[in-house]
Structures are given as C-alpha cells and as structure tokens.
Amino acid sequence: MSYLGYPDFFEPYIKKVEQNRPARVDKRRKGEEFPFMSLEERQEILKHHPDYKEEGKREIKVGPNKGYRIAHEFVDLLEAKSKVDPDKVDLTRADYGTDVLVIGGGGAATIAALIAEENGAQVIVATKLRHGDANTMMAEGGIQAASKGEKDSPYYHYLDVMGGGHFKNDPEIVATFVKQAPDALRWLENLGVMFSKFPDGRLDAMHGGGTCRKRMHYCADLSGLEIMRTVRDEARNRANIKVLEFSPAVELILNEYGQCAGALLYNMETEEYIVVRAKAVVLATGGAGRLHIQGFITTNHYGATADGIVLGYRAGVPLAFMHTVQYHPTGVIFPEQIEGWLITERFRSEGADILNVHGEKFVNEREPRDVESARFIKECLDGKGVPTPTGKVGIWLDSPMLDILHGEGRVRTAFVGKWKVYNRLGIDISKAPMLVYPTLHYQNGGLKDDDECKTTVPGLYVAGEVTGGLHGENRLMGNSLMDIVVFGRIAGKNAAIFAREKAKEGKLTLEHVKRYHKELEEAGIITDRVAPMLLPDYTRPEVKEKQLTASYLGTWR
Amino acid sequence: MSVKEENKNPAETAVKEKKQVAAKLIPVYIMGKRYEVPEGLTIMKAMEYAGYKFVRGCGCRGGTCGACGTVYRKPGDYKLQVALACQKTVEPDMYMAQIPFFPVNRAQYEFADLTSAPEEVFKLYPELFRCVACNACTKACPQGVEVMDAIAALKQGNIAEAARLSFDCIQCGLCASRCFGELAQYHMIQLARRIYGAKILPRAEHLAEMVGTINEGRYDQILEELKHVKEDELKKLYQEREAEPMVAGEDWKPKDTRYL
Chain A
1 MSYLGYPDFF EPYIKKVEQN RPARVDKRRK GEEFPFMSLE ERQEILKHHP
51 DYKEEGKREI KVGPNKGYRI AHEFVDLLEA KSKVDPDKVD LTRADYGTDV
101 LVIGGGGAAT IAALIAEENG AQVIVATKLR HGDANTMMAE GGIQAASKGE
151 KDSPYYHYLD VMGGGHFKND PEIVATFVKQ APDALRWLEN LGVMFSKFPD
201 GRLDAMHGGG TCRKRMHYCA DLSGLEIMRT VRDEARNRAN IKVLEFSPAV
251 ELILNEYGQC AGALLYNMET EEYIVVRAKA VVLATGGAGR LHIQGFITTN
301 HYGATADGIV LGYRAGVPLA FMHTVQYHPT GVIFPEQIEG WLITERFRSE
351 GADILNVHGE KFVNEREPRD VESARFIKEC LDGKGVPTPT GKVGIWLDSP
401 MLDILHGEGR VRTAFVGKWK VYNRLGIDIS KAPMLVYPTL HYQNGGLKDD
451 DECKTTVPGL YVAGEVTGGL HGENRLMGNS LMDIVVFGRI AGKNAAIFAR
501 EKAKEGKLTL EHVKRYHKEL EEAGIITDRV APMLLPDYTR PEVKEKQLTA
551 SYLGTWR
Chain B
1 MSVKEENKNP AETAVKEKKQ VAAKLIPVYI MGKRYEVPEG LTIMKAMEYA
51 GYKFVRGCGC RGGTCGACGT VYRKPGDYKL QVALACQKTV EPDMYMAQIP
101 FFPVNRAQYE FADLTSAPEE VFKLYPELFR CVACNACTKA CPQGVEVMDA
151 IAALKQGNIA EAARLSFDCI QCGLCASRCF GELAQYHMIQ LARRIYGAKI
201 LPRAEHLAEM VGTINEGRYD QILEELKHVK EDELKKLYQE REAEPMVAGE
251 DWKPKDTRYL
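From first to last, the protein sequence lines are chains A and B. Our numbering numbers the first residue of the first sequence as 1 and each following residue consecutively. Our numbering numbers the first residue of the second sequence as 1 and each following residue consecutively.
I should point out that these hints are in silico values taken from the structure, not numbers from a laboratory. Keep in mind it's a predicted model, so treat the numbers as computed, not measured.
Chain A stretches covered by chain B per the calculated footprint, using a threshold of three residues with CB under 8 Å from any CB of chain B:
| hint | stretch |
| --- | --- |
| 1 | 31-39 |
| 2 | 144-155 |
| 3 | 329-342 |
Where a beta carbon is used, it is the ideal one built from N, C-alpha and C, also for glycine.
All chains should be modelled from the sequences, with the hints used to inform the complete structure.
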C-alpha cells in the first residue's frame, strides 16, 4: 500500500535515494561539497527563473513608475479603481483620531507600534486578519545578525546581502541594516524571545543560502512564530496601543499640505468604511503571495495580497525592485494536503542533500534562493524531476541524512514543526525524504523608501516586505525577519517624531485617489477591477453561477 | 485576473486552491448543514469548496498561526475532537464548527519590572490554581503540546520547564475553550516563555559585545567605504570573501581578520 508513508508509486524512486545515501553522508562528513556556481553560471541558470519570463509581465500605464514592466498580477491591481467612490466618504468626521496609525498586523507593524508608543505616541494598529496572522508568524528558518565578533562583522553581512541581491540593493539601506541588526537581536532577547542557545548563552547559528559566516540565529524551526507571539504579547501590555482587527486600510488619506494624515479602513464584518485621522502613518502590510503570480502555489498567509503597494502607489510613492519575486526552492509538492507549504532552508543548512529522480546531486544546496529555484526548474524541464501520482514533478530533499549526521532524533527535535505535520499524514521525515518544488514566497521589491523608512509622501513611513531596496533583486534567508525588526523600529520611531514635530492640522483629502482615477481614464484603461484585493477569491465558479442575486466587487460579494 | 499560460511543467499551472478535484464526494456537516465535498480536502478547503468565503477562522493556511481552531465529532462517537481547519482532512459524516474567537482573561504587566520568581506568575494569574489536572487542555491541543504538564510546572514554580514544554504553542485557544477551571493556558505559558527567554536563560554575551563595538563606531568607516565601492570591485570582494565551512565548529576563526 505504501512505502515509508508515501504511495507505492514512489517506492522505486525512494529506493534510489536510499541506495546512495551512505556514500553521500560519507562525503558530507569529509566536508566534500557540490561545487558552487560562478557568477556567470548563475546568470545562465537564472534564465529559467520565472522573473525572466517576459510574457509574464507588462508595462504599467499609470503612476510614478509608468512604463515599468512587472508581473501582470501586480499591474492588474495597480490599474484598478478604488473600492469606494472617494466622494462618498465624509472626511470632516473622523471615527478615530491618533498620533500614529500603523497599517498591518505582522511583525513590522507590531514592532513599529511598540517603538512609536515608546516614543510617546498614541498608536492605532489596523489589521486585516487577527493581530499576528501574517507571514512573520510563518517564517521558520531564522534571523541574520553578525553577532560573533571573533569571526563575523557587519562588513561580511553587507557583502552577503549585496551578493544575494545581485549587487543592485540600496547601499544606504543595507549599511543601516547590517549595523543595526545585532542591536535588534538584543532587543528581541530583552523581550524574552527564546533563541536556541548553547548552555553558556552563546547563540546557535548556522549558514543560510549565500552566507559566508554562520550568522543565522533561530528559535528551533519556529523562529517567526516565537518572535511574532512575543512582540504581540508585548503590544497587548501597552495601554496606548489600540488594535482594530478585521479592519484593513483601503486608501491612505492625505491632508491639504500633502502629508499623510490617516487612512480609510473597511470593517470587513459590518461593511462600514471608517475614517482614521493620524499625524503619521506606518504602512507595513507585507507581501503578495496570494496573487499566485504565474499560477504558482504559495507559502504565504491568506491576507498576502499586495494591499500596501496599491495604497502607496496611488498616493504617489514609487516602486523599487518589483520586477523580481522570490520563489522559495523548497515548497511541498506532495502530499497534496500540504502543497505549497514551506520547508525551511535549514534542512539544507544542516546538510540534507538535494537530489533528482536518479538520486543524484545536481546543485549545491546553498546557492542563493533564486539560483537554487531556477536550477530545480531546469532539472525538471530536463526530465530529471521526480514524478508524482498527482501529475506534478518535484525534487527530493533528503532529510533522513540529518539523523545520521547529527545523531538520531535530530529531525524530530530540530524540526519539530515539520515532523509533526508530516507525521499526521503518515510520513516520518527522519526516515523518508521530502518532495519539493519552488513556491511563491516573498515580494523582493515594494514601495521605495530610504534608510529612515521615509517615502516621497511626508508623514508616510514603510517597513518590512512592502518595501523595496534592502534585498535588491533577491532576498537571502534570515534577512526578512531581521528586516522587520530593524526597520520596524526605525519606522516606529520616525513616525512618532514626525507626529510630534512636523505634522500639521489640515483638511483631510482623497484628491489623490480622484487624480489616480482620472489618470487611469486618460490612459484608456476601462476596467471594473478594484483594488486592494484584501482577500483572495477561492470561491468555485459553480458556486458563483448559482449566487443569482449576488454581485461581486473584485473578490468580494 | 490571473494569466493563463500553457507551461510544460504542470506544477506551474495549478493554482491549487482553484483547481477542481475529481475525487469522490463525501458528505460532511458544516455547523450541522450537509454538504458534499471531495475527499482528501482539508476542512478549510472543504468549506471553501462548499461556498464559504472566510473572513475569520483563516490565517496562514499552514498550521502555524492558530486562527482556524475547529471542533468536530464523528458519527456514533460521543467524543468531541479538535483540529486546525487548515490541517485536518475531512472524513465522511463529520460534524464540524470553527471557533474563530474565544474570550479569555489576559493579565497586563510591565515586563521589564518582572523577575524570574514564580510568585510573579501566581500574582498575575491566581486562577492557575483552579486547574484540576483533568488533562482536557492537552487532549484539545492540535500541536500536541503537553499543556497540562506545562501548567503543572508553572504551579510548581518551574518556569523553565513550562517554557520548554510549551514552545510549540500557536495560541489557537482551544485549550482554554475546553478548560474546566477556566484558565487561559496559552497566555500563562506565553508569560512563562518570555520570563525564561529574558530572565532565566543565560544571555548572549557576544551579542552584547558586538552591539558595544558597533556603537563605538568600529565599522563606520568600512561600511562608508563599501557603500561607494563600484559594482565590479564589490563583486571581487564578494567572491574573495572567506567562507566558513559547513562542518566548522563553534571555535572556527577566519584567516583574514582585517574587517572584524
């Protein structure tokens, strides 16, 4: 019936992996590695990366980046109208007033809220789902910081970040990032984050793709969960942080002086639109996996629909690095119940091999993510992927090696989250390998800002995945969790200072939305699309056909 | 709205959640109402198949955020079972309902002022001692956390043990929903983990040192120079950088120490 929990179908393929496992383990122990690609070889392989498919993109016809070619799924949202007619909104009566409005419910937003509050601000946090239901919670691998002075420094972290991003990253942002990272880690330690440590308190650390020093710190394989639940817990202790859940922002509101002065929220349960007046705004809405770019499966949470990109762009903030999207090399492709689910890079960091259908290695498992993904896709295109009974194709990740290399029980203790979920499906990943394929994972680019988290709109600060610049054209593992901490803190502080020192009381306006609508019209874009999307649409067409009295506005009934 | 493409690789074309499944249909009862859904779907996808659009009760869809706590019962069985809707596969004639929110007590505290003394937890959560050790919380945990043991450890003043036992908690609240003593276990053990992480585990001295070194300005000039290095030169520095071997132990030291 089954072989190691997989359908019989896989037995001959798994046996090939098992046959040469002892020899591969032996090589690992001797430190023999599959050669890394040169920069030239990387360029060649990247032609197989989805970012390089020109038919997957088109030019935006409106806004500050007119003429920029990015994924159709992003352009569809940017060339769309507001959810609400701006003239219908009564801006003279605000439902809430606050110093700093933080938009987003994940790590960057929560950390910005904490620091804004510490700088004396009254804070409102507007979240789309529950507070904390965000990609931060799902990050598993770890968090990078050069913490060990005897072998590492911000200099090496800087080089790694730049190399991963194809040397296109914003140097100012990267320099601030690598310099602030250790202090950000210290801040988390102070809040009580349970990092994996040696008995004397030294932080455990390992390599990630594209690192030259082991500086990936972690909390078992639940790093993001541990960080998110800790900062959320702290936010709940602060009387001056008020959280409005299930109330995503659908437009930014400016004032007559051109400053960002609040947002229009949508209460998804009562369907009311709510006006929040604020003296400064932090936009930290995260990523876009649920757009399913080029039809890819995704690791992202339910609300990752690029809302912040839409809001910021309409208000005049340019985009940066939106032409690249990160596909994580190792998403589950079988079993189906967990398809798209992320398998942390740490399996590879600890020495699990990547293998094709013949059980052969074909790539070093620690290339940068875009290179690694592109190489997987090429191997499958070359007919050397592992077929599945569901008509897909994948690559083996040989997890049982870790129990042999590091001692029995390693997989079960160091990857407890993964082990449990597979175990529920009848597969023991300390005995059987995992079948993976690249999955849509991270929005490398976003709204353009600087190392102070400032945008072109005064009073509007951005942090986390919604921004573009730090990661250049490709993010390295462990740098997104650090991104949200370093720049969440900076955004929170600067927003509080702006609210105190620079914000002016003025008439609220949505004129920028009207201008944007006009620009769409002038560009000849006649559409009934609306944005932001807020939630993806997974309702079957057969159901919609029978909803005879319903009408849809975007993905909403 | 998405782009239809003919790809050679079938994995690239299937947007999983939209794909129709040609599997056998089985009956399930969503909040008591009968629907037929394909077997093999998770509870979450089965509800979407039936026509539900989630606002609440859906988060990461990957088993780590705790938004989709669900109770269910199988026919002929008195026993109430629990699961995460995004993780549990539907079974024929299953009766199910989600619990997207459960009101519980959470204490407010100034974390910086707390010590690692067990009395701190007792003061904030006196209801801890209402626990009658019935083990309903452990049975209700979709993560397999030994919740009752963690609570027992807290009662005994062993914060470290409570923290370690509860590390996998995703705060879905299902434990609290089943608790006879009306405890909010997941908030109590969150407090335990924070005290353990900040005030019991030894601190990372090397991290504090590095922060000090950076604040003294040791790397300011190097970074300033790097920011202005031309791309070709940067590529050269990148390729020449010394790599710590995968198998290196904690005592590994680089040969080049100029930039440390």
